[in-house]
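Peer 1: Okay, here's what each chain looks like letter by letter:
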Amino acid sequence: MSDTETAELETFRNETRAWLEANCPPEMRKPATSDADVFWGGRNAKFSSEPQRIWFERMRDKGWTVPDWPKEYGGGGLSAAEHKVLRAEMGRIGARPPLSSFGIWMLGPALLKYGNDAQKTEHLPKIAAGEIRWCQGYSEPNAGSDLASLQTRAESDGDDFVITGQKIWTSYANYADWIFCLVRTDPAAKKHDGISFILFDMTSKGVTTKPILLISGYSPFCETFFDGVRVPKSHVVGTVNRGWDVAKYLLQHERAMISGMGERGVGRPLGQIATDSVGTDALGRLDDAMLRGKIASFDVDEAALAACAERAVDLAKAGQAHPAFSSAMKYYGTELNKRRYEILMSAGGVDALEWESERSKHGARPRAWLRTKANSIEGGTSEVMLGIVAKRILDLPGA
Amino acid sequence: MALVLTEEQSMLRDSARGLISDKAPVSHLRHLRDSKDPTGFSKELWHAFAEMGFAGLLVPEEFGGSGLGYVEAGIVMEEIGRTLMPSPFLATSVVAASALNRGGNAAQKSEYLPKIASGSLLATLAIDEGAKHRPLQTSLQAVRAGNGFKLSGAKALVVDGHVADLVIVAARTAGSAGERDGLTLFLVNPKAKGVAVERTIMVDAHNAARIELANVEVNADSVLGEVDQGAALLDGVLDVGRGAVAAEMVGLSDEVFGRTVEYLKNRKQFGKLIGEFQALQHRAAELYVDIEITRAATMKALQALDADVAKAAQAVAVAKARAGTTATRAVQEGVQMHGGMGMTDQFDIGFFMKRARVCEELFGDANYHTEQLARARGY
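Respectively, the protein sequence lines represent chains A and B.
All letters in the first sequence, in the order written, are residues 1 to 399 by the numbering used here.
All letters in the second sequence, in the order written, are residues 400 to 778 by the numbering used here.
In case anyone wonders, no lab produced these hints; they're calculated from the structure.
One or more hints might be untrue.
[Unchecked claim] Computed spacing ranges between beta-carbons, pair by pair: (1) A:K113 x B:D421: 35 to 45 angstroms; (2) A:V38 x B:G657: 35 to 45 angstroms; (3) B:D580 x A:P70: 56 to 66 angstroms; (4) A:N116 x B:G657: 40 to 50 angstroms; (5) A:S145 x B:G738: 29 to 39 angstroms; (6) A:N116 x B:R756: 35 to 45 angstroms; (7) A:T6 x B:V542: 45 to 55 angstroms; (8) B:S517 x A:K113: 50 to 60 angstroms; (9) A:D146 x B:S420: 41 to 51 angstroms; (10) A:E21 x B:Q731: 31 to 41 angstroms; (11) A:A88 x B:E597: 47 to 57 angstroms.
Where is the CB? At the ideal position from N, CA and C, for every residue including glycine.
The task is simple: from the sequences and hints, build the whole structure.
Peer 2: What follows is the structure, given as structure tokens:
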């Protein structure tokens with residue numbers, strides 16, 4: 001980096017710091033405490049608080065809901081280095097993301113790579129502005145880890161496809177406005193070769209959703225049924241029957257997203273949380289040596305993973321990343337997040353067992369603990385991730 | 400700063416790798432071990448290191464060095480780790496050079512640093528006294544005597560101790576074992592009266608020694624840094640050493656892993672390549688992930704050291720702790736997956752296991768650094 005570039009980046013850092021200081025409401029400088037406290041956008045979106053609305057609108061107006069997307073699509077147009085500075089400065093004050101969205105994390109990157117101009121112009125600005133909330137139609141009852149065996153069929157009928165079948169584990173399908181969906185357009189082809197990636201409105205005739213009650217007592221996932229849903233062929237992203245390429249590319253982004261789910265580096269450190277509830281010994285140390293050791297090992301691994309996540313971004317920007325590396329990060333990040341919640345449950349003891357009381361925020365901790373068990377299943381199980389690393393990165397033989 | 404190598408750093412890595420893989424493959428270590436080489440490393444190779452600017456890599460240019468940083472030192476250490484080359488680089492060029500450069504006065508710097516850069520002076524740090532690395536437990540006594548001090552006590556795991564021309568000794572000038580105040584670093588000539596050096600042949604066939612000091616007289620000019628206030632200097636120097644050893648362990652782990660994956664692709668049992676078995680595939684994949692995470696944590700620590708040694712402690716603790724667990728896992732899986740071959744002396748893999756064990760103890764093991772992190776974070 002030249003001296004001029006370094007100086008310009010420093011200027012950007014100072015301006016960004018000042019802007020965030022002036023514009024990020026104090027309430028938005030701590031992690032969301034519940035899912036209702038997260039802003040997901042969409043046609044029916046409601047803000048849970050005034051600071052949430054202010055923070056979202058200010059960030060949206062700067063293009064910073066999607067800081068590194070091109071300005072023409074509602075992004076901030078930031079360079080890789082500037083984006084890193086923005087993330088660091090937001091992290092410095094604990095600023096939460098102004099908008100959570102599968103459009104940002106998953107569909108957007110796939111559209112930027114595979115979408116045509118009309119699709120990008122139509123969909124990207126609405127994602128950036130939080131106007132449309134998306135859901136992901138991937139898994140089916142008989143296509144989980146073996147995703148490519150999916151059976152939902154799309155039959156050609158003039159300018160349309162007519163879609164019939166069932167999806168499962170569709171996150172927030174009951175709240176979503178549109179779906180990006182994998183469908184089988186050529187049943188005769190080999191399983192990876194007859195799939196298309198298609199977009200449609202969830203209010204289309206023939207779409208129904210049914211929430212699934214999970215062990216956490218919440219229903220973040222749905223069963224989604226399609227009964228003769230008519231979708232224009234122009235809504236296919238990329239080439240018909242080549243949807244698996246788009247699907248895999250999107251999965252890399254999904255896995256990167258899930259690997260980062262552990263709210264790293266924000267909120268109260270585990271050591272403090274545990275000290276508050278367990279107490280300390282005569283030396284002032286956590287009065288549970290085994291738990292203290294587990295927390296310390298967790299802290300080592302968490303800090304190391306944060307460095308690795310940072311490096312993964314830097315490698316991608318430098319064109320040196322392996323495309324399957326997000327599988328490695330997904331595996332480790334989700335297993336680590338499960339460790340975090342096992343520690344939190346152990347630290348909380350009896351207090352972490354309450355399920356309904358106001359005192360326990362309606363069982364926030366045990367429900368979150370149970371929710372993390374899905375982390376190493378959704379978006380590809382840990383076992384599938386290890387298989388991908390073994391085959392695509394290590395080039396081990398077989399299967 | 401991006402966690403990827405710059406173009407200059409990649410060139411440095413390539414030239415280090417070229418020299419080391421060509422002149423010092425694992426067979427070089429094997430030969431030194433089997434011939435019971437009295438020096439324990441190749442002087443010829445050390446001269447080549449000096450000519451390439453590696454010996455003085457951390458020495459400022461005004462003292463004849465290359466004036467590079469800890470990231471660059473880590474790059475060389477990683478390449479050393481790949482072939483297990485015995486070299487004075489760690490003790491002399493990284494640890495002692497940092498101690499002298501950070502703590503030395505003008506006279507000390509101009510006396511020693513140019514000689515380190517030219518490859519003509521070997522130096523080392525003598526810190527450990529007990530079985531485990533516990534810097535604050537230092538009890539080697541230095542009592543004032545006339546214009547100087549008299550040193551008495553014993554040190555262990557002094558890297559290159561039997562060939563060093565200069566030993567930097569951590570001693571206690573005040574207080575008692577366990578206290579931060581009262582530590583002082585001394586520059587000691589190992590040929591001085593009262594110094595007894597015993598070379599200790601170690602499991603990894605790398606150089607180490609026990610040193611005993613019995614009323615060794617040093618003058619006041621031999622103090623490195625300030626009397627009684629050596630802890631901060633020592634912390635920084637040890638952290639530099641830890642970052643460097645972590646980098647060596649990353650290189651070592653990566654090399655063992657690469658050899659193991661190759662073996663999985665070539666060894667056949669039950670009529671197929673053993674790399675086809677999912678039980679081995681998943682373990683190999685887990686190890687790969689572990690190594691990549693540790694590599695990133697180590698780069699982060701070296702960059703933190705370059706930014707400010709005094710503020711790098713937590714990043715270094717993370718890196719050395721991770722390097723310890725990762726290298727241990729890598730060598731254990733390496734031997735296990737090589738089966739009976741992994742148990743033979745004829746096969747190189749065992750050398751990596753032995754060196755990893757020593758690296759783990761050098762400057763604090765994974766338990767020590769995990770504990771340090773817990774203390775730093777106040778729980």
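Peer 1: Output the indices of the hints that this structure fails to meet, ascending.
Peer 2: Hints 6, 10 not satisfied by this model.
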